[in-house]
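Colleague: Taking the hints into account, I'd like the entire structure generated from these sequences.
Taken in order, these protein sequences are the chains called S and L. Note that the UniProt record's numbering has the first sequence beginning at 1, numbered continuously upward. Note that the UniProt record's numbering has the second sequence beginning at 1, numbered continuously upward.
Simulated from the structure, these hints should not be mistaken for laboratory data. Check each hint, because a few of them may be wrong.
Chain S is nowhere near these chain L residues, computed Cβ spacing over 10 Å in every case [said to hold, decoys possible]:
#	residue
1	Gly188
2	Ile256
3	Gln386
4	Ala420
5	Ser423
Ranges of calculated distance between the beta carbons of each label pair, as one might list FRET restraints [as the list claims (entries may be wrong)]:
#	chain 1	residue 1	chain 2	residue 2	range
6	S	Pro220	L	Asp55	38 to 44 Å
7	L	Glu57	S	Asp277	33 to 39 Å
8	L	Ser258	S	Asp51	44 to 50 Å
9	L	Phe173	S	Gly330	55 to 61 Å
10	L	Tyr4	S	Pro86	35 to 41 Å
11	L	Asp419	S	Ala243	49 to 55 Å
12	S	Ala243	L	Val183	26 to 32 Å
13	L	Gly174	S	Arg275	19 to 25 Å
The beta-carbon is built from N, C-alpha and C at its ideal position, and this holds for glycine as well.
Residues per chain, in single letters:
Protein chains: 2
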Amino acid sequence: MNGYRDLRVALLGCGSVGAQTARLILEHGDELAARIGARLTLAGIAVRDVDAKRDVELPRELFTTDAERLVQGADIVIELMGGIEPAKSLILKALEGGADVVTANKALIAAHGPELADAAEQVGAQLSYEAAVAAAIPILRPLRESLAGDQITRVLGIVNGSTNYILDRMDRFGDSAEDAARVASELGFLEADPTLDVEGYDAAQKATILASIAFHTEVPVETVHREGITAITAEQIEAARSAGFVIKLLAIAERITSSDGVEGVSARVYPALIRRDHPLAAVHEGKNAVFVEAEAAGELMFYGAGAGGSETASAVLGDLVSAARRHIAGGPGIPGSLHAELPVLPVGEVTTAYQIMLEVRDQPGVLAAIAGILAEHGVSAASVEQTVLESHGGERDGRATLVIGTHQAREADLAATVDALRSADAVHAVTSVLRLEGNA
Amino acid sequence: MNGYRDLRVALLGCGSVGAQTARLILEHGDELAARIGARLTLAGIAVRDVDAKRDVELPRELFTTDAERLVQGADIVIELMGGIEPAKSLILKALEGGADVVTANKALIAAHGPELADAAEQVGAQLSYEAAVAAAIPILRPLRESLAGDQITRVLGIVNGSTNYILDRMDRFGDSAEDAARVASELGFLEADPTLDVEGYDAAQKATILASIAFHTEVPVETVHREGITAITAEQIEAARSAGFVIKLLAIAERITSSDGVEGVSARVYPALIRRDHPLAAVHEGKNAVFVEAEAAGELMFYGAGAGGSETASAVLGDLVSAARRHIAGGPGIPGSLHAELPVLPVGEVTTAYQIMLEVRDQPGVLAAIAGILAEHGVSAASVEQTVLESHGGERDGRATLVIGTHQAREADLAATVDALRSADAVHAVTSVLRLEGNA
Chain S
1 MNGYRDLRVA LLGCGSVGAQ TARLILEHGD ELAARIGARL TLAGIAVRDV
51 DAKRDVELPR ELFTTDAERL VQGADIVIEL MGGIEPAKSL ILKALEGGAD
101 VVTANKALIA AHGPELADAA EQVGAQLSYE AAVAAAIPIL RPLRESLAGD
151 QITRVLGIVN GSTNYILDRM DRFGDSAEDA ARVASELGFL EADPTLDVEG
201 YDAAQKATIL ASIAFHTEVP VETVHREGIT AITAEQIEAA RSAGFVIKLL
251 AIAERITSSD GVEGVSARVY PALIRRDHPL AAVHEGKNAV FVEAEAAGEL
301 MFYGAGAGGS ETASAVLGDL VSAARRHIAG GPGIPGSLHA ELPVLPVGEV
351 TTAYQIMLEV RDQPGVLAAI AGILAEHGVS AASVEQTVLE SHGGERDGRA
401 TLVIGTHQAR EADLAATVDA LRSADAVHAV TSVLRLEGNA
Chain L
1 MNGYRDLRVA LLGCGSVGAQ TARLILEHGD ELAARIGARL TLAGIAVRDV
51 DAKRDVELPR ELFTTDAERL VQGADIVIEL MGGIEPAKSL ILKALEGGAD
101 VVTANKALIA AHGPELADAA EQVGAQLSYE AAVAAAIPIL RPLRESLAGD
151 QITRVLGIVN GSTNYILDRM DRFGDSAEDA ARVASELGFL EADPTLDVEG
201 YDAAQKATIL ASIAFHTEVP VETVHREGIT AITAEQIEAA RSAGFVIKLL
251 AIAERITSSD GVEGVSARVY PALIRRDHPL AAVHEGKNAV FVEAEAAGEL
301 MFYGAGAGGS ETASAVLGDL VSAARRHIAG GPGIPGSLHA ELPVLPVGEV
351 TTAYQIMLEV RDQPGVLAAI AGILAEHGVS AASVEQTVLE SHGGERDGRA
401 TLVIGTHQAR EADLAATVDA LRSADAVHAV TSVLRLEGNA
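Modeller: Structure below.
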């Protein structure tokens, strides 16, 4: 047709992203052929149940339960099944056969990315997974290609839409954590088991992928320091707001130097305070954004939908068209280089700043005692704000709230400071500890 | 060295971007070699005056005034001279010799992009110009590659830092247009001749480039409808603010259908009202951002520095690394396809909404007369707000201010409505007409 060469595309999986991917390939066939210089032929869609209900009506004859057979003879394989197996084996089989592979499988890439990349490089095939991080937002290709001549220093990502939705509701509507989670669940922002989202596992997978691409280094997902949002309270959100901050769950990939001079990489996930005039603070609802700091380029931000069938399919199609163009042009795929081999440093080596809220005795000497604890750990205060608590009758009840904003210090020293404060006589309770990020 | 193959890079021009580009190539040679799999050798830097003062200290022996000779035998040519000639002839010569070309020359690409792209395609070379639009921000590659499987419907760009700086100061500090321009000039945001910026010529060049890539269509720069910011007053900015808007100079590339059903493209530049909660409203100072709407991906935004030596050099280096990888891998460059060949439609065919401010007689029947004029042109009002003007003594002086927000309508009808209002008896003066964009 039109003299175009055919490229056989095998689709594995037909959930909401798979169905939209199939629809786009079929509906925009002519336009895609013109852009690529070859026609994409959807050879088949491998599913577990041929008769299952799909989001999109698709020709029945495309469906098969025999994924292995479908992969054979494909020029490009799109894996949208999710999970580790059989996705991994099928991808390896496809690569061995010389096919390019496009996947949106963040769990698989986070766990086995280097092994799959090796397999691709062996045969000169292209493995791409733009959709695995921040769905529709082009972020991996810009990191890998547009910033290929620059030195990335830090990546701060809002990469989990569910938790951003919850935190955003708490911030903008004053919801309790429970109410916000209920609304998020009703709107389909949360999975039946929300643990992957709210405990930060999903964001940690994305931090792994971002760190490895930004720093050309293997960053095992087990090395990602991870804290979720389950401990965040409405009181913390409110206190953050009145101090000019917003709390966001961030996936952070950063190039750091340890206290003994080792150059390395940190990948971590935690809820952190962001100044309200930082571009990341304006990322509302389920949107995602990735803020990148690079030596020459300065600050960049990439913003858009972080989930959704057609949104994710857009990223899959982008990878598909690239793979197809490469297939036509010849020449091997561009491997994701891990040549830098930087060590992954523990979170204790990170430099950050804490905001610590304490309940203390309202009596002379308390402030001096606390200042002493900070000084002992080499931590200095950037701001201290004390509020004397009054009982309902208006009388002082002998307690005060203290909010300490620290200067930048090593995470290990900050954490030790908080431990020391917890056991100090003058301190009733440490009520909140949050890191401050994006201070550039 | 390290067994890497050498790639000869010729640099044409050594202004602030050229000097930073040379610095990055020289300083990061080992890291770049590891990323590319080949060593970039800076073969020379062609300049007009070898002895001129540079931003960066560079080895004197690199400089030459013989650009033609430098281009011969280069694997990759970086053109950062600016202007049409001799840049164009040198690029054509480089392409004819099979070299890949990287340029940041927006004027040249806007005027002769298709001719240069043809020349590159003839020999299978790569022509890239990421730095020509929004400097450090990766936008052309995402449009061309990441969104290659999607249908882009609209691109709204803040792509001129100088005018954004001026409008932002007027909005955030209440500056007059003159004061804001003076500060912008003092800070180096404005050229000695600011016409290119404030009259929208620079933004129009970028609109041409964005439209042609987004819609695979040749969009001559002469077809871009262009209005600058010189007529924008502090009163308009203030009125916009109190109505919940901000005024931004936008470069817009949009896929539209004409009133008689022709599918085509619109490229235009004008100052427009944007809702304050739109992501583009938060783009302050000299920053740039490009907001993209696509059928599957939904809304995306790309944000960052729109100017600066090292920032622009980062984009140049990204293109350079890509070209180098392609050179090593073999296979032709990916041509920027103009296959869609959509007609460029006149601005009259655009659908938009107007906000019109009028001074009218404060007497019965005026509102009816004005409503009649709107209806005659098929334009309907979304909102009408009337303020009776009082003289200093507090008495009504027979005049009122009327602010009409229209529903979406065809630009030609809206413009005709404004003309009719101007000559209506009831109307003293039309004091402001602004379009409302980014209403999604």
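Colleague: Within 35 to 41 Å or not, the Cβ separation of Tyr4 (chain L) and Pro86 (chain S)?
Modeller: 40 Å, holds
Colleague: A cut-off of 10 Å on Cβ-Cβ distance, and Ser423 (chain L) was said to be off the interface with chain S. Does that hold?
Modeller: The assertion about Ser423 (chain L) holds, with a minimum of 43 Å to chain S.
Colleague: Assuming the hint says 19 to 25 Å, is it satisfied by the Cβ distance from Gly174 (chain L) to Arg275 (chain S) or not?
Modeller: Cβ of Gly174 (chain L) to Cβ of Arg275 (chain S): about 23 Å, so the range 19 to 25 Å holds.
Colleague: Would Gln386 (chain L) pass as off the interface with chain S, using Cβ distances and a cut of 10 Å?
Modeller: Gln386 (chain L) clear of chain S: closest Cβ-Cβ about 33 Å, beyond 10 Å.
Colleague: Does the Cβ-Cβ separation between Ala243 (chain S) and Val183 (chain L) fall within 26 to 32 Å?
Modeller: Since the Cβ atoms of Ala243 (chain S) and Val183 (chain L) sit about 30 Å apart, the hinted range of 26 to 32 Å holds.
Colleague: Could you check the hint for me, namely that Asp419 (chain L) and Ala243 (chain S) are 49 to 55 Å apart, CB to CB?
Modeller: Hint holds: Cβ distance 53 Å, inside 49 to 55 Å.
Colleague: Does Ala420 (chain L) really sit off the interface, with its C-beta more than 10 Å from all C-beta atoms of chain S?
Modeller: 40 Å, holds
Colleague: Quick check: does the Cβ-Cβ distance between Glu57 (chain L) and Asp277 (chain S) fall within 33 to 39 Å?
Modeller: 37 Å, holds
Colleague: Non-interface claim for Gly188 (chain L): all C-beta distances to chain S beyond 10 Å?
Modeller: 16 Å, holds
Colleague: Please test the hint of 55 to 61 Å on the beta carbon pair from Phe173 (chain L) and Gly330 (chain S).
Modeller: 56 Å, holds
Colleague: With respect to the beta-carbon atoms only, verify the hint that Pro220 (chain S) and Asp55 (chain L) lie 38 to 44 Å apart.
Modeller: 42 Å, holds
Colleague: Is it correct that the beta-carbon of Ile256 (chain L) has no partner in chain S closer than or equal to 10 Å?
Modeller: 17 Å, holds
Consistency note: the structure conflicts with none of the earlier hints.
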